[in-house]
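Asks: First to last, the sequence lines map onto chains A and B. Heads up: the first sequence is residues 0 to 275, going by numbering that gives the first Met the number 0. Heads up: the second sequence is residues 0 to 305, going by numbering that gives the first Met the number 0.
Do not take every clue at face value.
[Unchecked claim] The list that follows gives simulated cross-link-like pairs (lysine to any residue, SDA-like), each with its CA atoms no further than 25 Å apart:
1. 156(A) x 192(B)
2. 156(A) x 112(B)
3. 62(B) x 13(A)
4. 94(A) x 112(B)
5. 156(A) x 30(B)
6. 156(A) x 263(B)
7. 94(A) x 192(B)
8. 192(B) x 17(A)
9. 192(B) x 101(B)
10. 94(A) x 97(B)
11. 156(A) x 87(B)
12. 94(A) x 101(B)
13. 62(B) x 263(B)
14. 94(A) x 62(B)
15. 94(A) x 162(A)
16. 94(A) x 45(B)
17. 94(A) x 263(B)
18. 156(A) x 125(A)
19. 156(A) x 62(B)
20. 94(A) x 175(B)
21. 94(A) x 24(B)
22. 156(A) x 133(A)
23. 156(A) x 220(A)
24. 94(A) x 14(B)
25. 192(B) x 128(A)
26. 94(A) x 11(B)
27. 94(A) x 20(B)
28. 192(B) x 1(A)
29. 192(B) x 4(A)
30. 62(B) x 263(A)
31. 192(B) x 162(A)
32. 192(B) x 47(B)
33. 156(A) x 128(A)
34. 156(A) x 296(B)
35. 156(A) x 97(B)
36. 192(B) x 87(B)
The set of hints was computed from the structure by calculation and includes no laboratory data. For clarity, every value in this text was computed on a predicted model and none was experimentally measured.
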Amino acid sequence: MNWRHWLNRLFIFGVCSLALIALVPLFSVLFYVISHGASSLTPGFFTSLPAPVGEIGGGIGHAILGSVVLISMCSLISIPLGLGMGILLSEYSQKPVSRVLGVVVELLSSIPSIVVGLFAYALVVRPFRGFSAHAGAIALSMIMIPLVARTTEEMLKLVPRSVREAGLALGLPKARVILNIVFMGSMRSLTVGVILAVARIAGETAPLLFTAFASQHWFQGLSEPLASIPVQIYTYAVSPYEDWHAKAWGGALILILMVLGLNLLIRVFLPRRKDG
Amino acid sequence: MKDIPVEKNLVDLYFRRTLYGFAVLAFLLLGGMFAFLIDLGLPAFREVGPANLLSLEWNPPLKSFGILPFIYGTLVSSLLALLFSTPVSIAAALFLTEIAPRRIGALFGFLVEMLAAIPSVVYGLWGLFVVIPWLRTSVEPFLRDRFGFIPLFSGPIYGVGMLAAGLILAIMITPTMTAICKEVFHAVPRSLKEGVLALGSTRAEMLWIGVVSSSRSGILGGMILGLSRALGETMAVTMVIGNTAEISMSLFAPHQTMASAVASEVAEATGVHLSALGVVGLVLLLISGFLFLFLRLALKNGGHSK
């Protein structure tokens, strides 16, 4: 064994240990979120409002409801728009509009979420003089639309050209070929894409800080501030109270279970991708 | 893939027009983003002027709105993240593509992807209660005792600060950079690796010369993508960087980034203060737009077809 072989071993060992270091944060985050958060997860945590500081009990029911409302609103806006843009990107890819849209969608998805939040602030909060669920949903949509559009494009491009030609040969108009054959045939993978996008925006905090803002009450209407799980975690985490810290960990556990759960679920159902 | 060329009837036409409508909406959103941010930031330019905005002092009550501390915080924390993340990402990608058996590689890749699925605010929470106490009680005192003569490792220790932000950012951009490195390493032709081995190199030399060195431009692309992620990352940074608009050499000192300034101040800001934060947002938008264009052009010239 000369020095080159020792160097070889050292290098391989170094690469393996550096690679393992990359996973340390994952396990550490999971460990702490589970061990600190589990004790908070009582039934009351899901169903009640926050208790005043110093009182035992209370929960983040309002934030869970708020997140559900925000995600539903955002999905209502983003799914149709994203799917439509995805169809345009994939089925009309030679048209100039589609090419420009491709660049715009990519650019939109590369814009930091905090800037998107600032845009929603200038667009909705400032003119209407108040934080609102609308503003939050719009900010989240700006993040979700490009996500849905890009996965839709990718998924539809996997459909072989022969399938489209077969539809046309049967005398179907192009719109029907796209909607009834290409689109409906990709339903499964499109659903996966949409669920991943939902999992992604469920944890978004920054764009909500000054759009939907926060609230200590149940849902009070779409023009009022609305609490959400991520913002609630942030508020509790930076507070000086031990009890609130525990609640932040509890909220984080709910969020992690939801996000990782959706991701795992999709792994199981995802049609095999063609990576080599 | 070529499009289907036929359009047979009015339904097709209206279908296409509807989709065009969606596209126009996307253009409007992008245009609106610039327009509204400029509109938000303009009063600051008019009332306090560019000289104030480009100063080193951010102190809203005293009407000084220098955004340079934020730009410094963003740049240094992002570069620190790149410094930590690049070796780890390259190693992770090498492990994934060249060293690990297929199954273990796939599992490892999945776990790294899960790292990207954890929401930013959860990283912030973990950073605040796990990483920061660790930095404050063991890492930073150790660095100061050994290397305190370097300005980077001197000064009082708070726990929150630049080092914490860089570390958390590094964790958050590692999945992105690993994914890019993995693709680049996959693209290295087998013949090149075999050629290097045939010349009598060891496996390590093959990996270093054949795989890593020949992928330099791709790795650089991954680093720029990681940089653009790090620049805009908000929540985790806001929670660990200490939120102090300051420029200090010390990595232990609290700072503020552009994103964290906007996140922590907009909700309470009014008037010129709000407008100055609009300028911060606009600068962030321009930087990320610039990096996006750079990456796109670089990819086009780099001959990557996908």
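Asks: Run every hint past the structure and note whether it holds.
Replies: Hints, one by one, checked against the model:
1. At roughly 32 Å between alpha-carbon atoms, residue 156(A) and residue 192(B) are farther apart than 25 Å, so this suggested pair is violated.
2. For the given pair, residue 156(A) sits about 23 Å from residue 112(B) by alpha-carbon distance, which is consistent with the 25 Å threshold.
3. Only pairs whose Cα atoms come within 25 Å are accepted, and residue 62(B) paired with residue 13(A) is rejected, the gap being roughly 52 Å.
4. As the CA atoms of residue 94(A) and residue 112(B) are separated by approximately 34 Å, the hinted pair breaks the 25 Å bound.
5. With a C-alpha separation of about 28 Å, the suggested pair residue 156(A) and residue 30(B) falls outside the 25 Å cut-off, and the hint is violated.
6. A hinted pair counts as satisfied when its Cα atoms are at most 25 Å apart, and residue 156(A) with residue 263(B) does not qualify at roughly 42 Å.
7. Straight-line distance between C-alpha atoms of residue 94(A) and residue 192(B) comes to about 41 Å, which puts the hinted pair past the 25 Å bound.
8. Pair hint residue 192(B) plus residue 17(A) holds up; C-alpha atoms about 22 Å apart against a cutoff of 25 Å.
9. Distance restraint check for residue 192(B) and residue 101(B): the Cα-Cα separation of roughly 18 Å lies within the 25 Å cut-off, and the hinted pair is therefore satisfied.
10. Of the supplied pair hints, the one linking residue 94(A) and residue 97(B) is violated, its CA atoms being roughly 41 Å apart against a limit of 25 Å.
11. The straight-line distance between the Cα atoms of residue 156(A) and residue 87(B) is roughly 34 Å, outside the 25 Å bound, and the hint therefore fails.
12. About 41 Å separates the Cα atoms of residue 94(A) and residue 101(B), which puts this hinted pair outside 25 Å; it is violated.
13. Among the hinted pairs, residue 62(B) with residue 263(B) is consistent with the structure: their alpha-carbon atoms are about 18 Å apart, no more than 25 Å.
14. A C-alpha spacing of about 51 Å is found between residue 94(A) and residue 62(B), which places the hinted pair above 25 Å, so the restraint is violated.
15. Between residue 94(A) and residue 162(A) the CA atoms are separated by roughly 21 Å; this keeps the pair inside 25 Å, and the hint holds.
16. For the proposed pair residue 94(A) and residue 45(B), the alpha carbon gap of about 42 Å is over 25 Å, so the pair is violated.
17. Simply put, residue 94(A) and residue 263(B) have alpha-carbon atoms about 43 Å apart, too far for the 25 Å limit, and the pair is violated.
18. At roughly 41 Å between alpha-carbon atoms, residue 156(A) and residue 125(A) are farther apart than 25 Å, so this suggested pair is violated.
19. For the suggested pair residue 156(A) and residue 62(B), the alpha carbons sit about 54 Å apart, so the restraint of at most 25 Å is broken.
20. In summary, the hint linking residue 94(A) to residue 175(B) is not supported, as the alpha carbons are separated by about 31 Å, beyond the 25 Å threshold.
21. At most 25 Å may separate the alpha-carbon atoms for a hinted pair to count; residue 94(A) and residue 24(B) meet this at roughly 17 Å.
22. Restraint check for residue 156(A) and residue 133(A): the C-alpha separation of about 34 Å exceeds 25 Å, so the hint is violated.
23. The hinted pair formed by residue 156(A) and residue 220(A) fails the criterion: a straight-line CA distance of about 41 Å is larger than 25 Å.
24. Of the supplied pair hints, the one linking residue 94(A) and residue 14(B) holds, its CA atoms being roughly 14 Å apart against a limit of 25 Å.
25. The suggested pairing of residue 192(B) with residue 128(A) is violated, with an alpha-carbon distance near 63 Å, which exceeds 25 Å.
26. About 15 Å separates the Cα atoms of residue 94(A) and residue 11(B), which keeps this hinted pair within 25 Å; it holds.
27. The straight-line distance between the Cα atoms of residue 94(A) and residue 20(B) is roughly 14 Å, inside the 25 Å bound, and the hint therefore holds.
28. Of the supplied pair hints, the one linking residue 192(B) and residue 1(A) holds, its CA atoms being roughly 22 Å apart against a limit of 25 Å.
29. For the hint linking residue 192(B) to residue 4(A), the alpha-carbon distance of about 18 Å falls within 25 Å, and the restraint holds.
30. Under the criterion of a C-alpha separation no larger than 25 Å, the hint pairing residue 62(B) with residue 263(A) is inconsistent with the structure, at around 50 Å.
31. Of the supplied pair hints, the one linking residue 192(B) and residue 162(A) is violated, its CA atoms being roughly 39 Å apart against a limit of 25 Å.
32. About 60 Å separates the Cα atoms of residue 192(B) and residue 47(B), which puts this hinted pair outside 25 Å; it is violated.
33. The hinted pair formed by residue 156(A) and residue 128(A) fails the criterion: a straight-line CA distance of about 44 Å is larger than 25 Å.
34. For the suggested pair residue 156(A) and residue 296(B), the alpha carbons sit about 24 Å apart, so the restraint of at most 25 Å is met.
35. For the hint pairing residue 156(A) with residue 97(B), the CA-to-CA distance comes to about 30 Å; that exceeds 25 Å, so the pair is violated.
36. The hinted pair formed by residue 192(B) and residue 87(B) meets the criterion: a straight-line CA distance of about 22 Å does not exceed 25 Å.
Hint violations for this structure: numbers 1, 3, 4, 5, 6, 7, 10, 11, 12, 14, 16, 17, 18, 19, 20, 22, 23, 25, 30, 31, 32, 33, 35, all remaining hints satisfied.
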